[in-house]
Amino acid sequence: MRYLSVLFASQPDTSPSAELFQAIATLGQEAAAAGVMLDMGGLLPQTRTDVTVESEELSVLDGPFTETKELVSYVVYEVRSKEDVVEWTRRFMDIHRELWPGWTGTSQIVQVMPTGEPPA
Amino acid sequence: MTDSLADTVAAVWRIESARLTAALARRTGGDLALAEDLASDTFAAALRQWPVDGVPRHPGSWLMATAHHRLVDHARRRTTGDRKHMIYAADQPEHHDPTEEVTDMLDDPVRDDELTLILMSCHPTLSRENQIALTLKVVAGLQTAEIARAFLVSETTAAQRIVRAKRRLATAGARFEMPGAADLPARLGVVLAVIYAIFNEGYASAAGEDWTRPELCHDALRLGRRVVALQPEHPEARGLVALMELQASRLPARHSADGSPVLLEDQDRRRWDRLLIRRGLEGLAQAGELGGGPYTLQAEIAACHARAADITATDWRRIAALYVVLRHLTPSPVLDLNHAVAVSRADGPAAGLKRLDALTEVSSMQRYPLFHAARGDMLERLGRLPEAAAAFHRAAELEANQALRAVFVRRAEQRNGDHRQSFDTM
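As given, the protein sequences belong to chains A and B, one line each in that order.
Taking my numbering, the leading residue of the first sequence gets 1, the next gets one more, and so forth.
Taking my numbering, the leading residue of the second sequence gets 1, the next gets one more, and so forth.
So here's chain A without its partners, still in its complex pose (with noise of 0.2 angstroms):
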């Protein structure tokens, strides 16, 4: 089964710490020796832009924006089920939970459609 993990965070005033950096590194390492993770990606701050259609309406919306969390990641999983991708990021979460006090930020784990799954 496969799963996008996509990151919305705030970050606190103060910088991330070496700890941190070296503690995702070794996770990720982890998680890609494990075979799970197929695909990452960091998204670059304040590069967003909103093309919306609401009441018939389309429109175009540079930022900045006001919202304080920001799209920050994506990982791709290949895992056997739904609790190995939230074990995988419930992991990574914790680690900035303890490395990066007044961080706030939340993973969203969504399922990727299969585009052929035999029948059941």
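Some clues are possibly wrong.
Capping the alpha-carbon separation at 20 angstroms, the derived lysine to aspartate or glutamate pairs in EDC-like fashion look like this [as the list claims (entries may be wrong)]:
hint, chain 1, residue 1, chain 2, residue 2
1, A, K82, B, E215
2, A, K82, B, E146
3, B, K354, B, D336
4, A, K82, A, E30
5, A, K82, B, D336
6, A, K82, A, E70
7, A, K69, A, D94
8, A, K69, A, D13
Don't read these hints as lab results, they were simulated from the structure.
This structure is a prediction, so every number in the text was calculated from the model and none was measured.
Assemble the complex: chain A is given as a structure, and chain B must be docked to it using the hints.
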């Protein structure tokens, strides 16, 4: 316990099983059977205790510490001579919080241990089915019931395979240590063969009703990536993962809406998994730079398909040439057959059939359904329809997979030849 919590324990187990079992195996002085028992016991303890106390914040550390306690208990019992109760005595719930007592087990160099564990699970003295069962249990961290489901056998049978594997390792005196540099390549070769056997069972199931079992392919892929992480300079580990990713990219297109097989020629290539193709092509390039080998060559062939817009745009000449090299490295009648199929696409069915006819005397080909199916396909393209029908009938008789057999029967009955499929095994 809620199902969801049991699923969480199982998920944590899949992440921690290999590391934990490997550490235990070394701590027990190389007794993989005991290590596996202690590991299973630790898993059972988590199933009992987490619903009561909640999932620990560091579940990996909790498991490792609990396993360590089990090991210490075991050693103590053994010194007091009470062997009977050494492993299974601890059915009472745990009351300690081992999370805070993480030992130096965590700080040990585990990478070699994990590779040693994989090499042990795929020990050459074990039968292939027992290698597969043990590898899925201790390395992939699957439950016995999951292994049974994946291989369409009873849970008892799956459990027996694991017990037999452990017993065989003990009687063969297999030691939990890295093989010497001279033996390592051959031992890694067995590991890759085991992983590819798991993949193939998922990609084209040997028997049963389902044509594919994708989850098994993904289990094999995860195992393969694990070997690559442990042996990043090994060209064929990368080659095999590239091959499996490129083949697995076609899984979504490999069956129709009703589940019946759709072979390469008729697949809707828009349904191929682009992410796996991208990874497979990247991995293939790395494998080639490291020196390649037979799996890498097969990945090259799979890449020819992955790059082609359709069957006619496929570089069949290159595929035929790759099969010539592959046959030279690892001669086999199946490769001769695949070569003949490629030739029939590059130079026409008459040229392909000529090569197939040279294989007619090979007894393994006589019993190989895809040989007859390929023959039927070429005969049909030559307009020799009664002979084509007979060849497809023979293929159907020999095919154990029910879904694929139905395709051959249909082909045998379609003598007008206006609905063509190819039978490339790649």
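Hint by hint, here is what the structure shows:
1. K82/A - E215/B: Measuring from Cα to Cα gives roughly 14 angstroms; hence the hint holds.
2. K82/A - E146/B: Roughly 16 angstroms separates the two Cα atoms, so the pair holds.
3. K354/B - D336/B: Status holds; Cα separation ~12 angstroms.
4. K82/A - E30/A: holds, 18 angstroms
5. K82/A - D336/B: Given that 20 angstroms is the threshold and the Cα spacing comes to 43 angstroms, the pair is violated.
6. K82/A - E70/A: violated, 25 angstroms
7. K69/A - D94/A: holds, 18 angstroms
8. K69/A - D13/A: Holds, at about 14 angstroms.
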